[in-house]
Amino acid sequence: MKGLKRAFIAELLKLKHSNAIWVSFAAFALGPIMGCLIIIILQNPILTHKLGIISAKAAILTFSADWNSYFSFLSQVVGFGGIIVFGFVASYIFGREYVDRTVRDLLSLPVSRDKILNAKFFVYFVWCSGLTISNLILGLLIGRALNLTVGSMEFSMKASRPILSPLY
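The opening residue of the sequence shown carries number 206 in our numbering; numbering runs sequentially from there.
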């Protein structure tokens, strides 16, 4: 257990000095922001004529300006964007050893390769969980700022389940 803890701390230290974590959070935050833009267009039909192609996209989506539609959009963002961003995260975590030319050092460390691999998977899980939870929190803040129709807390928890599905 001590080797796994050390390998996990080493992986976290590598991320501490990396810009990739902030880039991934910024890329994943584009989904709720685009959802915000679509909801603003749906709330203000006057903007529909001025924005052109963006308003046409909003009309195709058949959404309404409520929490259910916004959570539906966010779950699609996590589903589709998660494939891309989570794949980037995995390739970054595992490919970094080759870029930094430290892959040879992994064989000579006093920690077994299994523990190093498990530490990398645990960092991957924590990173992707953080991305998903930040997406939900940002979506809740944006939805609150847009004054979407208020539902019950039970509805909010039920609607947020598809967004958090990668964590299950």
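No wet-lab data here; the hints were simulated from the structure. All C-beta atoms in this analysis are idealised placements derived from N, C-alpha and C, irrespective of residue type, glycine included. Hints should not be assumed to be uniformly reliable.
[Stated by the list, open to error] Here are the simulated lysine-lysine pairs, DSS-like style, with alpha carbons at most 30 angstroms apart:
| no. | residue 1 | residue 2 |
| --- | --- | --- |
| 1 | K219 | K207 |
| 2 | K320 | K207 |
| 3 | K221 | K207 |
| 4 | K219 | K325 |
| 5 | K221 | K210 |
| 6 | K221 | K325 |
| 7 | K221 | K320 |
| 8 | K320 | K219 |
| 9 | K207 | K325 |
| 10 | K210 | K320 |
| 11 | K210 | K325 |
[Unchecked claim] Ranges between beta-carbon positions, derived for each pair:
| no. | residue 1 | residue 2 | range |
| --- | --- | --- | --- |
| 12 | A295 | A350 | 20 to 28 angstroms |
| 13 | V228 | F330 | 45 to 53 angstroms |
| 14 | E302 | D271 | 43 to 51 angstroms |
| 15 | Q248 | E302 | 42 to 50 angstroms |
| 16 | N273 | A215 | 19 to 27 angstroms |
| 17 | I251 | L218 | 49 to 57 angstroms |
| 18 | I251 | L217 | 48 to 56 angstroms |
| 19 | S334 | S269 | 27 to 35 angstroms |
| 20 | K210 | F299 | 15 to 23 angstroms |
Checked hints:
With a C-alpha separation of about 19 angstroms, the suggested pair K219 and K207 falls inside the 30 angstroms cut-off, and the hint holds. As the CA atoms of K320 and K207 are separated by approximately 10 angstroms, the hinted pair is consistent with the 30 angstroms bound. A hinted pair counts as satisfied when its Cα atoms are at most 30 angstroms apart, and K221 with K207 qualifies at roughly 21 angstroms. The straight-line distance between the Cα atoms of K219 and K325 is roughly 11 angstroms, inside the 30 angstroms bound, and the hint therefore holds.
For the proposed pair K221 and K210, the alpha carbon gap of about 16 angstroms is at most 30 angstroms, so the pair holds. Distance hint between K221 and K325 is fulfilled; the C-alpha atoms sit about 14 angstroms from each other, no more than 30 angstroms. Distance check on the hinted pair: K221 and K320 sit about 20 angstroms apart at the alpha-carbon level, within 30 angstroms; holds. With a C-alpha separation of about 16 angstroms, the suggested pairing of K320 with K219 holds against the 30 angstroms cut-off.
A distance of roughly 15 angstroms separates the Cα atoms of K207 and K325; the hinted pair therefore holds under the 30 angstroms criterion. Taking the CA atoms of K210 and K320, the gap is about 9 angstroms. The hint holds against a cut of 30 angstroms. For the hint linking K210 to K325, the alpha-carbon distance of about 11 angstroms falls within 30 angstroms, and the restraint holds. Restraint check, A295 to A350: a C-beta distance of roughly 33 angstroms breaks the suggested window 20 to 28 angstroms.
Separation of V228 from F330 is about 19 angstroms and departs from the stated range, judged on CB atoms against 45 to 53 angstroms. Remark: the range hint 43 to 51 angstroms for E302 to D271 is upheld by a beta-carbon distance near 47 angstroms. At roughly 48 angstroms, the beta carbons of Q248 and E302 sit within the given window of 42 to 50 angstroms. The hinted window of 19 to 27 angstroms between N273 and A215 is violated, with their beta carbons roughly 44 angstroms apart.
At about 52 angstroms, the CB distance of I251 to L218 agrees with the hint of 49 to 57 angstroms. Against the hinted window of 48 to 56 angstroms, the Cβ-Cβ separation of I251 and L217 comes to about 49 angstroms, which satisfies the hint. Taking the beta carbon of each, S334 and S269 are about 30 angstroms apart, inside 27 to 35 angstroms as hinted. Judged by the Cβ atoms, the range 15 to 23 angstroms given for K210 and F299 holds: they are separated by roughly 20 angstroms.
Consistency with the previously given hints fails for numbers 12, 13 and 16, ordered from lowest to highest.
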